[in-house]
Structures are given as structure tokens and as C-alpha cells.
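Next come the chains, spelled out residue by residue.
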Amino acid sequence: MQLKLGISFLIVALLVLGVNTGVTHFVEEGNFVSSFLGLVMADILVACVAAVILSKILTRRIRKLVGATAVISQGDLTRKVEVSSRDEIGELAKSFNAMLASLLNVVLEVRSTSEQIFDSAQALSTTAESVNATTQGIATASQNVVRGAETQVEMLKHAGQLTREIALAADEIASKAQVAHRTVLEAGDRARISADDASRAKQTIGDIVEKIQKATLSVEGFRDRALLINTTVDFIKQLSQQTHILALNAEIEAARAGEQGRGFSVIAEEVRKLADESRAFAQQIQSLSEQINSESVDVIGAMKGSTIAAIHGKCVVESAVSALEEISARVLATLEGVREITELTVRQARGADGLVRTIEEIARIAATNASGTEAASVAIQDQTAAMEGMSTSAQSLAQTSDHLKDLVTIFRMD
Amino acid sequence: MEGGRILHFSAGSRHLALPLSGVKEVAEVHYLVSVPGAPAIVGGLTEIRGRVVTVLDPATGDGAPGTAPGAAQTPLFAVIFTEPFDHLGVLVRGVPETASAMEGAEPTVPSAGPEVSEWLSGSREIVLTGGCRATLLEPERLADHASRCVRAQFLVAP
Numbered sequence: 042m043q044l045k046l047g048i049s050f051l052i053v054a055l056l057v058l059g060v061n062t063g064v065t066h067f068v069e070e071g072n073f074v075s076s077f078l079g080l081v082m083a084d085i086l087v088a089c090v091a092a093v094i095l096s097k098i099l100t101r102r103i104r105k106l107v108g109a110t111a112v113i114s115q116g117d118l119t120r121k122v123e124v125s126s127r128d129e130i131g132e133l134a135k136s137f138n139a140m141l142a143s144l145l146n147v148v149l150e151v152r153s154t155s156e157q158i159f160d161s162a163q164a165l166s167t168t169a170e171s172v173n174a175t176t177q178g179i180a181t182a183s184q185n186v187v188r189g190a191e192t193q194v195e196m197l198k199h200a201g202q203l204t205r206e207i208a209l210a211a212d213e214i215a216s217k218a219q220v221a222h223r224t225v226l227e228a229g230d231r232a233r234i235s236a237d238d239a240s241r242a243k244q245t246i247g248d249i250v251e252k253i254q255k256a257t258l259s260v261e262g263f264r265d266r267a268l269l270i271n272t273t274v275d276f277i278k279q280l281s282q283q284t285h286i287l288a289l290n291a292e293i294e295a296a297r298a299g300e301q302g303r304g305f306s307v308i309a310e311e312v313r314k315l316a317d318e319s320r321a322f323a324q325q326i327q328s329l330s331e332q333i334n335s336e337s338v339d340v341i342g343a344m345k346g347s348t349i350a351a352i353h354g355k356c357v358v359e360s361a362v363s364a365l366e367e368i369s370a371r372v373l374a375t376l377e378g379v380r381e382i383t384e385l386t387v388r389q390a391r392g393a394d395g396l397v398r399t400i401e402e403i404a405r406i407a408a409t410n411a412s413g414t415e416a417a418s419v420a421i422q423d424q425t426a427a428m429e430g431m432s433t434s435a436q437s438l439a440q441t442s443d444h445l446k447d448l449v450t451i452f453r454m455d
Numbered sequence: 144m145e146g147g148r149i150l151h152f153s154a155g156s157r158h159l160a161l162p163l164s165g166v167k168e169v170a171e172v173h174y175l176v177s178v179p180g181a182p183a184i185v186g187g188l189t190e191i192r193g194r195v196v197t198v199l200d201p202a203t204g205d206g207a208p209g210t211a212p213g214a215a216q217t218p219l220f221a222v223i224f225t226e227p228f229d230h231l232g233v234l235v236r237g238v239p240e241t242a243s244a245m246e247g248a249e250p251t252v253p254s255a256g257p258e259v260s261e262w263l264s265g266s267r268e269i270v271l272t273g274g275c276r277a278t279l280l281e282p283e284r285l286a287d288h289a290s291r292c293v294r295a296q297f298l299v300a301p
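Residue numbers (our numbering), protein chains in the order written: chain W, 42 to 455; chain C, 144 to 301.
None of these hints come from the bench; they were simulated from the model. One should not assume that every hint holds.
In silico EDC-like links for lysine to aspartate or glutamate, alpha-carbon gap of 20 Å or less [what the hints assert, rightly or not]:
#: 1; chain 1: W; residue 1: Lys355; chain 2: W; residue 2: Glu336
#: 2; chain 1: W; residue 1: Lys105; chain 2: W; residue 2: Asp84
#: 3; chain 1: W; residue 1: Lys243; chain 2: W; residue 2: Glu129
#: 4; chain 1: W; residue 1: Lys45; chain 2: W; residue 2: Glu170
#: 5; chain 1: W; residue 1: Lys355; chain 2: W; residue 2: Asp238
#: 6; chain 1: W; residue 1: Lys121; chain 2: W; residue 2: Asp455
#: 7; chain 1: C; residue 1: Lys167; chain 2: W; residue 2: Glu129
#: 8; chain 1: W; residue 1: Lys97; chain 2: W; residue 2: Asp128
#: 9; chain 1: W; residue 1: Lys278; chain 2: W; residue 2: Glu294
#: 10; chain 1: C; residue 1: Lys167; chain 2: W; residue 2: Asp238
#: 11; chain 1: W; residue 1: Lys314; chain 2: W; residue 2: Glu294
#: 12; chain 1: C; residue 1: Lys167; chain 2: W; residue 2: Glu415
#: 13; chain 1: W; residue 1: Lys314; chain 2: C; residue 2: Glu283
#: 14; chain 1: W; residue 1: Lys198; chain 2: W; residue 2: Glu415
#: 15; chain 1: W; residue 1: Lys278; chain 2: C; residue 2: Glu226
#: 16; chain 1: W; residue 1: Lys278; chain 2: C; residue 2: Glu281
#: 17; chain 1: W; residue 1: Lys314; chain 2: C; residue 2: Glu171
#: 18; chain 1: W; residue 1: Lys278; chain 2: W; residue 2: Asp317
Sample of chain C residues facing chain W (criterion: CB under 8 Å; computed from the structure) [stated by the list, open to error]:
#: 19; residue: Leu163
#: 20; residue: Ser164
#: 21; residue: Val169
#: 22; residue: Glu190
#: 23; residue: Leu231
#: 24; residue: Arg236
#: 25; residue: Pro239
#: 26; residue: Met245
#: 27; residue: Glu283
#: 28; residue: Ala286
#: 29; residue: Ser290
Don't be surprised by glycine CBs; every beta carbon is placed ideally from N, CA and C.
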């Protein structure tokens, strides 16, 4: 092409030279301006003609190329440019054909790829929608998990509170068990002391019973002597009564004797008075004796009652001693049980403390899990949003690929 | 009667008196043998110094039941009348006492009524030293009353 252009320009130059030469021959001397103008005009004319001719020659294949390009621009990629020369235009045509072929391959590739992209986009959109649905489900599930975790945290807090209360109660039970242990220990000691005191009381009551019985015998003897006094007093009373009657009869005889019996009447009166006094004193003695007898009876009754009560008390004390001994034995047994209970409650209190700490740790972990689940839920929501965006992008990609396909369909490839 | 010595005693609901001159003796009644079919006024028979004495119970005369010696809480005595009624005596519960009739006290006649025995109606009352009032006992009237009661109880064969 350069050679052709060079040759063309040389031809043009030769033509111009020739024209100039010719014109110079025909142009008169001294008419320089006219000659110059004429020369120029001639040059221009020659140049124009040469340009037209050369341009037509040069542009004929370019126009073909342009025509092919126009056809190709309409989308027909099957049109090839005929290559009839080996110059630059021919090279251009070859290159154009090659480019066209490459473009065709590219378009075919693009169509294929767009179809694949479309299919993939469709599949991706479907998958994105599925994943989105799944993610929705996961989000919902994670929300439920979050709510459940929050509920779990609340329940664990509540459980922790209850466990703390249980721990406090266990501590209190342990302390009370220790107090009960000490109390039972003291009760056992007191039971032993009480049993000893009861034994001594039983012995004392036995001594008292013995003394009361002796005193009862003494009082009964005393009462017998009082009864003997009564008998004597009765005799004395009877004597005084008889003396009184005797004095009365003496007075009667004295009254019957008249004046001679007056002195005797006085004596009888004095005797009667003595008899009355004796009877009065006897009556007093008898009343005292009866009083003594009555009081002796009362005392004997009271002493017998006391004896009975003492014997009963002795039996009660014996029963109490045996009961106290049994209580002491059972207290010792209970003491062992209380000691075990105390140990168990102390261990329970320690276990409750450990349980509290464990529950608190669980609550803390649950809270952490809840927050993590919350973050996961947020991430899932973000993922859902991203999946929705991806779905949207996939749809957009599908639309784009579809558009690309539509664009590719503009091109005719077969 | 005034200033004289009086033997006074209780008989049932009444307080009776008897001048010492009308009393032979006062004896304790240890046992009293009841007479079957005898009226209530006849308390029974007793033995005093070897003699059988009919003891009259003036308490029954007022309607009060008789008292058997065995059941008596207080000792029983018999006031034996002087002759001619020394075979009779009055059953007394408790020891009789002596006193003097108050001087200047007018004896009064007790009012008759359904509670007054036949042998007491019309008897005099006297006041003794100490202010005690007693009905003066008349042995004749009491003996007569007892006899009539016995005769009425035991029919005499014609």
C-alpha cells in the first residue's frame, strides 16, 4: 500500500511536473503572474484529478470494507470481506475477516456464556431463593433459639435465685443441725444427770416411805393409847355419872330426911358438884382424846396416804428412771443420727454453694450463648439480606444475561 | 314450892319437874324389859335393887315413839316415885338435875291442846333458877292414866 501510494504520489508528482513543464512551454515570458496562476490552476486540477482517481482506486476496496463493516454493524457476522490483494488493504481485509471471525467466536462465546450465565443466574436465583427461604427458616429458628436462650437465661437466673435460697436454707439447716446436735448432746447429758437424780430420788423416797411407815406405826400406837385414854375417860365419866346419881339420891334422901338431912344435903350437893366437875373434866379429856384420836386418824390416814403416794411416787420415779435411761440411750442414738445429719447438711450446703456457682456459670454461658445467638441471628438476618441481595443480583444477572442474549441475538452467526 | 328443891328432867318435847320430896331415888336403867301388848305409855319393866319397877315413858304421851335402851344415845334413868307409887318410875333420857323453884314466880297453868297429854292437862308450870320452865309432874295422875291405858289394852274378863 505504501508502494502504491508512493507510486501514486510519484505519478501525481510527475503529472504535476509534466503539467508544469507543458504549461511552462505554453506560457509566455513576462506573464509571470498569469503563468503562475495558470500553473497553479493546472497543478490543482491535475492534483484533483489524480486525487479523485487515486481515491477511487484506493477507496474502492475500503468502501467494500466499509460496506462489509456496515453489514456487520447490522449484526451479520457471517459476511466476510473478499480479500483480492496483498496490500495493506488486503491485509486489512484479512485482519478484518480475522477480527470478524474472532468477534463471531466471541459473540458465540458470549452467547453461550450468557446462556450459561442466564442458566446459572436462574439456578443461582432459585438457589438464592431456596437459601433465602432456608435462611429465613434459620433466622426464624435462630430467633426462636434466641428467645429460648433468653428464656433459658431468665429461667437459669430464677433457678440460680432458687438455688441460692436453697443454699441459704441448707446453710441455715446445717447451722440448726449443729445447734440440734449440741442440744441433743446437752439433752443426753441432762438425761443422764436426771437419771442419776431420779435414782437418788427413788432411794430418798424409799427412805421416806420407810420413815413414814415407822411414823405411822408410832401414830397408830399413839392412837391406841388415845383409845385407851378414851376407855379410861369413859370409865371416869361413868364413875362421875354414878357419883352424880349417888349425890342426887343422897340429896333426895336428905330432902326426905327433912331438917336432919340438911347437912347431908349440903354434902350431897358438894359431892354432886365434884361429880359434875369430874364429869366435865372427863368430858374435856374425852373431847381432847377424841380430838387426838380424830387427828391421829387423820394423821394416820394422811401418813398412809403419803405412804401410798410415796410408794406411787417411788413407782413413778422408778418408771421415770427407766424412761430416762431409755431416753439417754435413745438420745445417744439420736446424737449419732444428728451428727450424721449435721455432716450431711454441711455437705449439702457446700454442694448447694457449688450448685449455685455452677448455675451462675451456666447462666453466664447461656447469656453468652444468647448474645452469640443474637449475633448469629443478626448475622443470619444480614445473610438473609445478603441472600436477598444475591437473589436480586442473580435476577439482575439473569436479566443482564438475558439482555446480553438479546443483544447477541442481534448478530447473525449462521 | 317456892325455894324448894326440884328434880327436873326432859321427857320427849317437854321439860318435867318433880319435887324432891316426891322422889324416892334416881337409878340408871341398864335394861328395860318390854311388856308385849302393853300401851306405849308403859316403857317396860326394870330391876332396881331387887325390885321390879314399872317404868313409864312420858314422851310417848305426846305422841313421840318410845325409846329402847339399846338404841338410846344418851343413858336412861328412872325417877322412882315415893310411896305409894314406888313401884312406878319415869323414864328419863339424860341425867336429871336438881334446882330450886324461883321465889316469887307464879306457877302457870299450861294451855290445853292436842299436843298436851291427858295426864298433863291442867298441870302447873314452875320457873326454876336459871329461868328454866318445867311442868310439874303429878305421880297420881300419871299412874291413873297408865292404869286406864293398861285396862283399856287388856280386857278384864268378866
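Verification of the hints:
The straight-line distance between the Cα atoms of lysine 355/W and glutamate 336/W is roughly 27 Å, outside the 20 Å bound, and the hint therefore fails. The suggested pairing of lysine 105/W with aspartate 84/W is violated, with an alpha-carbon distance near 30 Å, which exceeds 20 Å. The hinted pair formed by lysine 243/W and glutamate 129/W fails the criterion: a straight-line CA distance of about 151 Å is larger than 20 Å. About 65 Å separates the Cα atoms of lysine 45/W and glutamate 170/W, which puts this hinted pair outside 20 Å; it is violated.
A distance of roughly 13 Å separates the Cα atoms of lysine 355/W and aspartate 238/W; the hinted pair therefore holds under the 20 Å criterion. Restraint check: the Cα-Cα separation between lysine 121/W and aspartate 455/W comes to about 12 Å, which is no more than 20 Å; the hinted pair holds. Using a Cα cut-off of 20 Å, the hinted pair lysine 167/C and glutamate 129/W is violated, with the two alpha carbons roughly 214 Å apart. Only pairs whose Cα atoms come within 20 Å are accepted, and lysine 97/W paired with aspartate 128/W is accepted, the gap being roughly 16 Å.
For the given pair, lysine 278/W sits about 24 Å from glutamate 294/W by alpha-carbon distance, which is inconsistent with the 20 Å threshold. Distance restraint check for lysine 167/C and aspartate 238/W: the Cα-Cα separation of roughly 80 Å exceeds the 20 Å cut-off, and the hinted pair is therefore not satisfied. As the CA atoms of lysine 314/W and glutamate 294/W are separated by approximately 17 Å, the hinted pair is consistent with the 20 Å bound. A distance of roughly 143 Å separates the Cα atoms of lysine 167/C and glutamate 415/W; the hinted pair therefore is violated under the 20 Å criterion.
Annotation: proposed proximity of lysine 314/W to glutamate 283/C is violated, straight-line Cα distance about 32 Å (limit 20 Å). Proximity of lysine 198/W to glutamate 415/W is assessed by CA-CA distance (about 18 Å); at most 20 Å being required, the pair is judged to hold. Note on lysine 278/W and glutamate 226/C: the hinted pairing is violated, with a Cα-Cα distance of about 32 Å set against a maximum of 20 Å. The suggested pairing of lysine 278/W with glutamate 281/C is violated, with an alpha-carbon distance near 32 Å, which exceeds 20 Å.
Between lysine 314/W and glutamate 171/C the CA atoms are separated by roughly 19 Å; this keeps the pair inside 20 Å, and the hint holds. In summary, the hint linking lysine 278/W to aspartate 317/W is supported, as the alpha carbons are separated by about 9 Å, within the 20 Å threshold. For leucine 163/C, the interface hint holds, the least distance from its beta-carbon to any beta-carbon of chain W being 4 Å, beneath 8 Å. Because the smallest distance between the Cβ of serine 164/C and any Cβ of chain W comes to about 6 Å, under 8 Å, the interface hint for this residue holds.
With its C-beta approaching chain W no nearer than about 5 Å, valine 169/C sits inside the 8 Å limit, and its interface hint holds. Interface hint status for glutamate 190/C: violated, as the beta-carbon distance to the closest one in chain W is roughly 16 Å, over 8 Å. Proximity of leucine 231/C to chain W is violated relative to the hint, the smallest CB-CB distance being about 16 Å (cut-off 8 Å). This hint is violated: arginine 236/C has a C-beta 13 Å from the nearest C-beta of chain W, more than the 8 Å allowed.
Against a cut-off of 8 Å between C-beta atoms, the interface hint on proline 239/C holds, since the closest Cβ of chain W lies about 7 Å away. The criterion of a C-beta within 8 Å of any C-beta in chain W is not met by methionine 245/C, whose closest approach is roughly 18 Å, and the hint is violated. Contact between glutamate 283/C and chain W, as hinted, is not supported at the beta carbon level, the nearest pair being about 18 Å apart and thus beyond 8 Å. This hint is violated: alanine 286/C has a C-beta 19 Å from the nearest C-beta of chain W, more than the 8 Å allowed.
Because the smallest distance between the Cβ of serine 290/C and any Cβ of chain W comes to about 25 Å, over 8 Å, the interface hint for this residue is violated.
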